[in-house]
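Heads up: the sequence lines are chains W and L, in that order.
To convert, take the position in the first sequence, counting from 1, and add 157; that gives this note's numbering.
To convert, take the position in the second sequence, counting from 1, and add 1; that gives this note's numbering.
Hints listed in this document are in silico derivations from the structure and should not be mistaken for laboratory results.
Every residue, glycine too, gets a C-beta built ideally from N, C-alpha and C.
Some hints here could point you the wrong way.
[Unchecked claim] Derived CB-CB ranges, DEER-like:
#	chain 1	residue 1	chain 2	residue 2	range
1	L	A80	W	H211	27 to 35 Å
2	W	R232	L	H173	22 to 30 Å
3	W	D161	L	V312	55 to 63 Å
4	L	V312	W	P234	47 to 55 Å
5	W	P234	L	H173	26 to 34 Å
6	L	E19	W	T190	33 to 41 Å
7	L	V17	W	R232	44 to 52 Å
[As the list claims (entries may be wrong)] Residues from chain L that keep clear of chain W, each with C-beta distances beyond 10 Å, as calculated:
#	residue
8	S142
9	T300
10	G333
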Amino acid sequence: MTIDADRVRRTVAHALGADESTIRPETRLSEITELDSLSLVEVASALDDDLGIHLSGDTLSDALTVADLAELARRAPRR
Amino acid sequence: MRIDREKARTLLDRIVNELGAALTVPLVVIGDRMGLYRDLASSGPLCADELAHRTGANARYVREWLAAQTAAGFVDFDADADAYSLSPEQAAIFANESSPISMQGGFELAAGAIGGYERILDAFQSGEGVGWATQHSDVCSGTGRFFRPAYVSHLVHHWLPALDGVETRLRHGARVADVGCGLGHSTLLMARAFPKSTFVGFDAHAESIECARRDARAAGLAHRVRFEVGLATDFPGRDLDLVTFLNCLHDLGDPVGAARHVRASLADDGCWMVVEPRAGDRLEDNCTPIGRMFYAASTLVCTPASLSEDVGAGLGAQAGEAALRSVIEAAGFENVRRAAETPFSLVLEARPPRSIRPQEDA
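Extracted from the complex, chain W is given alone in its bound form:
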């Protein structure tokens, strides 16, 4: 099963408490919320729980935008 970029987008929006209609692939994570370590934990745990994608903290550090995150998710190990 391939990871649908749109599911990642919706999952991220939900994890960060944002209205998903306002989140585009090119939206920066730091635009959605004042990004801190806890919000990154929330994103990682939502991707893990909802989509079975495990991203390490270091990997999350590379993802500036929702599209970056979707690309990382596509390449990430699956449970």
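Dock chain L against chain W, hints included.
Below, chain L without anything else, positioned relative to chain W:
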């Protein structure tokens, strides 16, 4: 002087917590080294004997450790099932090294600093410094691990984009020196995020540089990231686009000398990013849990490190923005501004003066 019974009791009540916390420091490190947290996170709930068996630890020690951890609130205990487990939050803090809220490094740093207190006691009398290389090795590894989660969360997402025009240059290909890089976590995070740029991490501590090189090779980044033993006052490199100092300026013996050297190393339109522990300018502003932690670490590690080097400025880990600015401005930087901040960190951006070509020692 008469003792106020209530004030004494309040302080004594607090001391019980303090001693419990202090004695828990080595227990957390032991749990980390023995893999106890990681095994509980991956396989819990477990009874004490199961955890001991799985990790190869002695069962009686593990049972006592679990009791102490449960009393500390670091491990959950189900009395009916006689089983221990980690909640997702406990696991993110104690078991998952790459978690943005991993805190094991802080405990490792604290354990190393406590273990080396006799050297600091001697230094109180002699006035001599204690450099990073002479501290317990847990101090270096713990410091690297302690700051890493903050760099994972903020460096690429928040701090670099807060600098004027720097992210764009990094994206197109910039030359960067990460000074005082320690184990190189910050250097590698930046290198991963900006594949067209080249990075050199410098640190005075040779063993840390060796570890950083190993990590760079393991991460497949060695072609774009070099690590070299070098001092903040004489690292090589000219016309750099960006120089970063992450939580190291206050550790230096000669921060003004380092600032002058940065100025000479930067391109005319280059940028110096200085990340330091966040602090107010006065002691009375910093009597907070974070300030307290940093003052203690500063007494045991940062200030002795600074006093071990030439000049021995001893800025301290809670120097505050005014003292940091005066160091930066003493080297001729202009346009120093607070670019970003978090509860733990202050990010300053400094630029060489416009239209003046900097000359070292001019």
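Hint by hint, here is what the structure shows:
1. L/A80 x W/H211: 27 to 35 Å: holds, 32 Å
2. W/R232 x L/H173: 22 to 30 Å: Holds, at about 24 Å.
3. W/D161 x L/V312: 55 to 63 Å: holds, 58 Å
4. L/V312 x W/P234: 47 to 55 Å: holds, 49 Å
5. W/P234 x L/H173: 26 to 34 Å: About 32 Å separates the Cβ atoms of W/P234 and L/H173, which means 26 to 34 Å holds.
6. L/E19 x W/T190: 33 to 41 Å: holds, 35 Å
7. L/V17 x W/R232: 44 to 52 Å: Hint holds: Cβ distance 50 Å, inside 44 to 52 Å.
8. S142: holds, 17 Å
9. T300: Its Cβ never comes within 10 Å of chain W, the nearest being 26 Å, so this holds.
10. G333: holds, 33 Å
Hint compliance for this structure: every hint is met.
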